[in-house]
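Visitor: Fit chain B to the known structure of chain A by using the hints.
Number of protein chains: 2
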Amino acid sequence: MSRAARRLVVIGADAAGMTAAGRVRGAAPDAEVVVLEMGRFTSYSACGIPYAVGGLVAGGVERLVARSPEEHRQRGVDVRLHHEATAIDTAAGTVEVLDQHAGQTYQLGYDQLMVATGGAPIRPSLPGIDLPFIQGVQTLGDAERLLALADQGCRRVVIVGGGYIGLEMAEAFIERGCSATIVDRGAQPLGLLDEDFGARIAAALRQRGIDVRTETTVEGFAPDRVLTDGGALAADLVVLGIGVRPRSELARAAGIELGVHDAIRVDDRQATSVDGVWSAGDCATAVHVVTGAQVHIALGTYANKHGRVAGLNIARRLADAAGAGDDVRSVPVAGTAVTKLCQLEIGLTGLRQATAIDAGLDAVTVTIEATTQAGYMPGARPMTVRMTAERGTGRLLGAQILGGPGAAKRIDVVATALAAGMTVADVAELDLGYAPPFSGVWDPVAVAAREATKEV
Amino acid sequence: MSRAARRLVVIGADAAGMTAAGRVRGAAPDAEVVVLEMGRFTSYSACGIPYAVGGLVAGGVERLVARSPEEHRQRGVDVRLHHEATAIDTAAGTVEVLDQHAGQTYQLGYDQLMVATGGAPIRPSLPGIDLPFIQGVQTLGDAERLLALADQGCRRVVIVGGGYIGLEMAEAFIERGCSATIVDRGAQPLGLLDEDFGARIAAALRQRGIDVRTETTVEGFAPDRVLTDGGALAADLVVLGIGVRPRSELARAAGIELGVHDAIRVDDRQATSVDGVWSAGDCATAVHVVTGAQVHIALGTYANKHGRVAGLNIARRLADAAGAGDDVRSVPVAGTAVTKLCQLEIGLTGLRQATAIDAGLDAVTVTIEATTQAGYMPGARPMTVRMTAERGTGRLLGAQILGGPGAAKRIDVVATALAAGMTVADVAELDLGYAPPFSGVWDPVAVAAREATKEV
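If you're matching them up, the sequences are chains A and B in order. With this note's numbering as the guide, the letters of the first sequence map in order to residues 189 to 644. With this note's numbering as the guide, the letters of the second sequence map in order to residues 189 to 644.
Hints should not be assumed to be uniformly reliable.
The list treats identical chains as interchangeable, and a pair is accepted whether it falls inside one copy or across any two copies.
[Said to hold, decoys possible] Within a straight-line C-alpha distance of at most 25 Å, the following computed DMTMM-like cross-link-like pairs (lysine to aspartate or glutamate) qualify:
id : residue 1 : residue 2
1  : K528      : E578
2  : K642      : D299
3  : K642      : D515
4  : K642      : D218
5  : K528      : D384
Rather than coming from a laboratory, the hints here were simulated on the basis of the structure.
Bound conformation, chain A alone (with noise of 0.2 Å):
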């Protein structure tokens, strides 16, 4: 490789892409770092734009910005705002970019290419699905749209689909004073998790004011309502939450290879089917830790341990020590997501009976109640710990957490369980910390495997 020809090219200026770009800006000094960005932020918590609707955020949408373009320029990062990348050519190493404000073309070559081209809300396609009204939650740009429509005094907020960024928004737009509506096809929102752990989310929401439709599908939208089986709703704003597909066109379209959920396949380098291709966060493909299955989950902390991976592998075709050492591998993922709705707090973690079960394991699932505080103190609260086990071997495969403030953190617990490959008779015996106002003396985490101990 020619001295003079080591650039990075970094497609989306979100976590994967900007986490890579500064790994390699500090194990590769020497190295050109350009990034292609569509919008105009860099480094930003989607996660929090529920929060910042909700008029949590001081600041707002601005304070969302882990890191601004200015400062990645200060860094050394060449930063192009604006532009899309539209084709790759990945025999001749160049990317298409279309500089959006000056509506010209041209060719970018690379020696590394990071495609982190992210997620978006998924559209399901239905009459006037394009309709102005009708916003997904997943860029800052959706972020600022979102707010401009609510302070023109939407009132009557629709949102199609109860996963957990609708039911975040369903809750900021309550905040705000406007009525929320959830629209899920399911028997319950949350289908993350089991049915009757979603029923008792349902209801907190809808002890909030918040109107829950279930087993309700979407058939269309006009301009001020959507159309669905149960009768059409009143609808200022309309917000997809029905979840995210991963952005993988542009890689598709220039050969490399794609994965399950159509995500690009990566290996656990973070490599493409193409040398000197990598890709990482919402638009990639992981592998999970209990079934070692490829798996598609959105979560920014994967973009950012990811992109990190695939930094420091780049960094080393690029940097002057090129070849030194082995590259770096991402470790199995197991899906942990915490989320809290209504002062309800949730956790989950790997596998449950049904996804087990589809995974061809013998699973095994127990439900334990117990407090988040001992039960004398007056902030105890409720709280149901569900685990899931192999059938046999003991082996924990995952849990659900549900209830009161404090719960929800202790799945973490169980991840870390996960990634040792504990059984649940370890997780018993774990010396998890006790005092009154954290659990009761035997932690729930650990009465749920004692009494999955018992089933295995």
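Guide: Just chain B now, kept in the frame of chain A:
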């Protein structure tokens, strides 16, 4: 062994003893189980005493009882309150018992003996130490006396020793409207933590109105004051908060071997040096997960866990199917502890730099500053994670956490990683839950671990 002589005698009716009794009751239903208890309570939460004294526990001291003597009796456990074991004859297999109410002594034969005599507050040998206004915090009897003294109008409380329980009691008395002074010999209270952490806790206590006097030595007691090398302190009540020693005199007199800190030496089956005699809880030793060394750490979690193991192993010897299967074994302990003082949460587990060096390990320690929620959230509070690892191997050795709401229980991730023998590189990659109400996208524990990877 003759079928007529299958009796377990348990000395001490708190967590370790009653957990063992309960396991034997369940697994060896034909065995006789007799529990000897000096006081009048069974199975209570000593850790809840500060909260009961502080007036937080509706129902008072009685609410701290997890299971009453009557409930145990209904399950077929012969609980004898105000019966004090005064001697053990391991050759004869008998316990000498003083029936305090009858004033009579009798001999009670056993086939298996569980010594669960617990701990006692350390009482320094100082002039006036036996004055009635000096009170430990160990049993519910102590709690009753503390509340009675408080109700009699004591206004000036001096706490001798800045351990957990002492600090919690200081806050409790402030809650009751008393004044509280903590006297500690060390540079800072909570000597289990690094000094700068102790200093931050001292500052929080002082801000709450507690008079914290460090590097001050108590020299004696007069009926209305505590004499120190920094002058006399007026006092209506003195609380001992120096720590807990094992109550092992009875075992020692019976020729049962003692170990570190004069705790009853047990193996990982909770067996003592004498066949048929078992022990667990505050009176017994344990093994440290990092060092493998014998330790004495008085924590209610161990009383429960190790009491269970003792009970299962005793049951094997008393049940009809005696001899089947293997003995159950306790797992090593990490010394995980959490508490909350004046809105400041504290967690620790494993070793810190000083104790790692004492253990002969080549250790490095890093400290990171983070927030309890995403930085842009209104509830975000500072939190510090300090992590210690072994140089060369990168093996995780322990951590200390200090911060706002939600900080302390994150120590459980470290405790779980210690049990799994993880390196800090492993911890840095854990799939921990993220959402803005719970942390930044990189969990503070993972951030500390990543930082540690650079130093090991």
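Visitor: Give a verdict on every hint.
Guide: For each hint, the structure was consulted:
When the C-alpha separation of K528 and E578 is checked against a cutoff of 25 Å, the pair qualifies neither within a copy, at 29 Å, nor between copies, at 37 Å. In this assembly of identical chains, the alpha carbons of K642 and D299 never lie at most 25 Å apart, being 56 Å within a copy and 29 Å across copies at closest. Taking the closest pair of Cα atoms, K642 and D515 come within 25 Å of each other only across two copies (17 Å); inside a single copy the shortest separation is 43 Å, beyond that limit. With identical chains, the CA atoms of K642 and D218 are at most 25 Å apart between copies only, with a shortest distance of 22 Å across copies and 59 Å within one.
For the identical chains of this complex, K528 and D384 are intra-copy neighbours only, at 17 Å inside a copy versus 33 Å across copies, given an alpha-carbon limit of 25 Å.
When the structure is compared with the earlier hints, violations turn up for hints 1, 2 and for no others.
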